[in-house]
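Asker: Given next are the chains, with one letter for each unit.
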Amino acid sequence: MEAKSIEDVRELATEDIMSPWKLAWRRLKKNKLAMLGLYILAIMVLLSVVGPLVSPYTMEQMDLSNIQSPPSLAHPMGTDEVGRDVMTRLFYAGRISLSVGLFAVVISVVIGSVLGGIAGYYGGFIDSLIMRIVDIFMSFPFLPLLITIAAVMSDWKVPPQYRMFVVMILIGILSWPGLARIVRGQILSLREQEFMQAAEALGIRDRRKIFRHLLPNTYASIIVSATLDLGSAILTESSLSFLGLGVTPPTPSWGQMVQVARDLYTLQMQPWLWIPPGICIFLTVMAINLFGDGLRDALDPRLKR
Amino acid sequence: MPGTITKRGEMMRQYITRRLIQMIPILIGISILLFFILQLAPGDIFSTMMNPHMTAEMKEELRHQLHLDQPAYIQYFYWVQGVLKGDFGDSFYFKQPVTRVINTYIWNSFLLSLVSFILSVIISIPIGVISATRQYSRFDYFFTVVALIGISIPSFYFGLLLIKWFSVDLKLFPVSGMMTPGVNFVGMEKAADILYHMALPCIVLTLSSVAGLMRYTRSSMLEVIRQDYIKTARAKGLRERVVIYKHALRNAMIPVITIFGMWLPGLFSGAIITESIFNWPGIGPIELLAVNNRDYPLLMGINLILALLTLLGNLIADITYALVDPRIRLK
Numbered sequence: 001m002e003a004k005s006i007e008d009v010r011e012l013a014t015e016d017i018m019s020p021w022k023l024a025w026r027r028l029k030k031n032k033l034a035m036l037g038l039y040i041l042a043i044m045v046l047l048s049v050v051g052p053l054v055s056p057y058t059m060e061q062m063d064l065s066n067i068q069s070p071p072s073l074a075h076p077m078g079t080d081e082v083g084r085d086v087m088t089r090l091f092y093a094g095r096i097s098l099s100v101g102l103f104a105v106v107i108s109v110v111i112g113s114v115l116g117g118i119a120g121y122y123g124g125f126i127d128s129l130i131m132r133i134v135d136i137f138m139s140f141p142f143l144p145l146l147i148t149i150a151a152v153m154s155d156w157k158v159p160p161q162y163r164m165f166v167v168m169i170l171i172g173i174l175s176w177p178g179l180a181r182i183v184r185g186q187i188l189s190l191r192e193q194e195f196m197q198a199a200e201a202l203g204i205r206d207r208r209k210i211f212r213h214l215l216p217n218t219y220a221s222i223i224v225s226a227t228l229d230l231g232s233a234i235l236t237e238s239s240l241s242f243l244g245l246g247v248t249p250p251t252p253s254w255g256q257m258v259q260v261a262r263d264l265y266t267l268q269m270q271p272w273l274w275i276p277p278g279i280c281i282f283l284t285v286m287a288i289n290l291f292g293d294g295l296r297d298a299l300d301p302r303l304k305r
Numbered sequence: 306m307p308g309t310i311t312k313r314g315e316m317m318r319q320y321i322t323r324r325l326i327q328m329i330p331i332l333i334g335i336s337i338l339l340f341f342i343l344q345l346a347p348g349d350i351f352s353t354m355m356n357p358h359m360t361a362e363m364k365e366e367l368r369h370q371l372h373l374d375q376p377a378y379i380q381y382f383y384w385v386q387g388v389l390k391g392d393f394g395d396s397f398y399f400k401q402p403v404t405r406v407i408n409t410y411i412w413n414s415f416l417l418s419l420v421s422f423i424l425s426v427i428i429s430i431p432i433g434v435i436s437a438t439r440q441y442s443r444f445d446y447f448f449t450v451v452a453l454i455g456i457s458i459p460s461f462y463f464g465l466l467l468i469k470w471f472s473v474d475l476k477l478f479p480v481s482g483m484m485t486p487g488v489n490f491v492g493m494e495k496a497a498d499i500l501y502h503m504a505l506p507c508i509v510l511t512l513s514s515v516a517g518l519m520r521y522t523r524s525s526m527l528e529v530i531r532q533d534y535i536k537t538a539r540a541k542g543l544r545e546r547v548v549i550y551k552h553a554l555r556n557a558m559i560p561v562i563t564i565f566g567m568w569l570p571g572l573f574s575g576a577i578i579t580e581s582i583f584n585w586p587g588i589g590p591i592e593l594l595a596v597n598n599r600d601y602p603l604l605m606g607i608n609l610i611l612a613l614l615t616l617l618g619n620l621i622a623d624i625t626y627a628l629v630d631p632r633i634r635l636k
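So the protein sequences, as listed, match chains H and Y. First residue of the first sequence: 1, per the numbering used here; consecutive thereafter. First residue of the second sequence: 306, per the numbering used here; consecutive thereafter.
Honestly, the hints are just simulated from the structure, not real lab data. Keep in mind that the hints are not guaranteed to be accurate.
[Stated by the list, open to error] Listing some non-contacts, in silico: residues in chain H with all C-beta distances to chain Y over 10 Å:
#1 Ser-139
#2 Pro-141
#3 Ala-199
#4 His-213
#5 Tyr-219
#6 Gln-268
[To be verified] Facing chain Y, according to a computed beta carbon distance under 10 Å, are these residues of chain H, among others:
#7 Leu-145
#8 Asp-155
#9 Val-285
[Claimed, not checked] Mimicking DMTMM-like on lysine to aspartate or glutamate, the simulated pairs with C-alpha atoms at most 25 Å apart in a straight line are:
#10 Lys-476/Y to Asp-263/H
#11 Lys-364/Y to Asp-155/H
#12 Lys-30/H to Asp-533/Y
#13 Lys-400/Y to Asp-263/H
#14 Lys-551/Y to Asp-533/Y
Computed from a predicted model, the values in this text were never measured in an experiment. Ideal Cβ placement from N, Cα and C applies to all residues, glycine included.
Full structure from sequences and hints, please.
Answerer: So this is what it looks like as structure tokens:
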């Protein structure tokens, strides 16, 4: 559009004023791979939410006259060792695996950004203390620590239906240090900027300065790192459940459903039991990685191609 | 100038000493964390043991011997005292000193990890470099997809797929283990047998590390290629090969070296699942065995060794970093 009058100019200007988030979304929409990731993810979420509602079977409905049957019209992914419909269980497992991943990330984001924000804002002793804790967490091999704690928790005799909450809290509590480091690094430079001098001059309370003025400026990095962490949280949950230390039966999870393949007979003869849940994990994590990479490119224009 | 070099060498020595001293509190923190996590488990080995020949008095006696009747922090000091003397206690499951159990299995893990580490370096660096020099080419896209698959596929699932295709269906590779049972190969035949068993677990471990390493090399190389000194090298009329492999690669390798150091210990703990899928007699299946049998002395021992390896890996990475990049200040 060519500007002719002052109105036109004003219109052009308002058209071009977009919030950084809108700009990022516009950039993201152009990224085909990222959108592909978003679509795959949406399909997985949709299947997990809607799937169990439209399925003619329930999660625990057994049919002992029809066990371990290969895929058929009645059971598109066959049945398991007690005649439960594998596809229905796959939908339910999706609910569990996705929500464990999501809440684990929420927990780690809350802990990571609060501790990172406090460390970065106050500096000095508090900073050293928090960062030493981060060092300890980060220099510990993640999987062995997770396995150890999961084993100890198994001894608490948590009822199987609550195991998924234990798993999400556990993964969340162990994965915040990376995020805390990122947030702290950004706050360190943000707090030296002029708007913080203004906040200082206004005499705003520390809590408000950290949570209203500093942390919102780090949202872009938090979102990118949380998205990519979601992929690893889902992978972690699946490995843990595969080892029998995560979500335990009768609650299904994708990783746990693959567990049956440790038996050589099932591995060879009943691929319908363990191939689909594995594909679900793979597709979901891949979609999250694609979307997360796209998000990073969109939110950080410096890295723009 | 020789003067500056010795000065740097002196600084380097101080730097390493300081870093080693800094490791001590972290190691203490890790050991406390580990010890008290295990304390959270209800009961002890004797309360779950079903041994009809063991009377309640005998159990009390053994508890007393193992200091299990003392408060947790006292037990911790007994344990630390032992560890400082190289005594990690006895494994409940193996009825052997923990150090001996670890020593039996850790070298198998080391062998597997080292081979797949070398393989992933050999594979990923050239691919990363070529991907960067031909950014957005078909080659670049192909390996971007490979890397994406590598980081997205769960290692246990990939391992199971390989077993199904190559061991069960095609019968090309053994299903599990490290040596053919019942046959006593010697010399080269033994080595060949081990390699044959190692192939599949090695592929699993290599894919996951190649994926990451390749991306790091690529992005680091992309960064370097845009620098002015690369333009200068080209302007001097140097051949493209020399520019890329001599001038650019050397500088691009600096950040990648840090990743190496972090990768080495990561290979050990990352191998836990892969090793147990393939029944590779390494530290992974032993860790799971210790977990499932609540063999706490063994579990503590393995976890502490893995933590120590991680710290050493980070240290080696930082030192190498300082050695290859004189711009790093050793403060």
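Asker: Of the hints given before, which are not true for this structure?
Answerer: The structure breaks hints 1, 2, 6, 12, 13; every other hint is satisfied.
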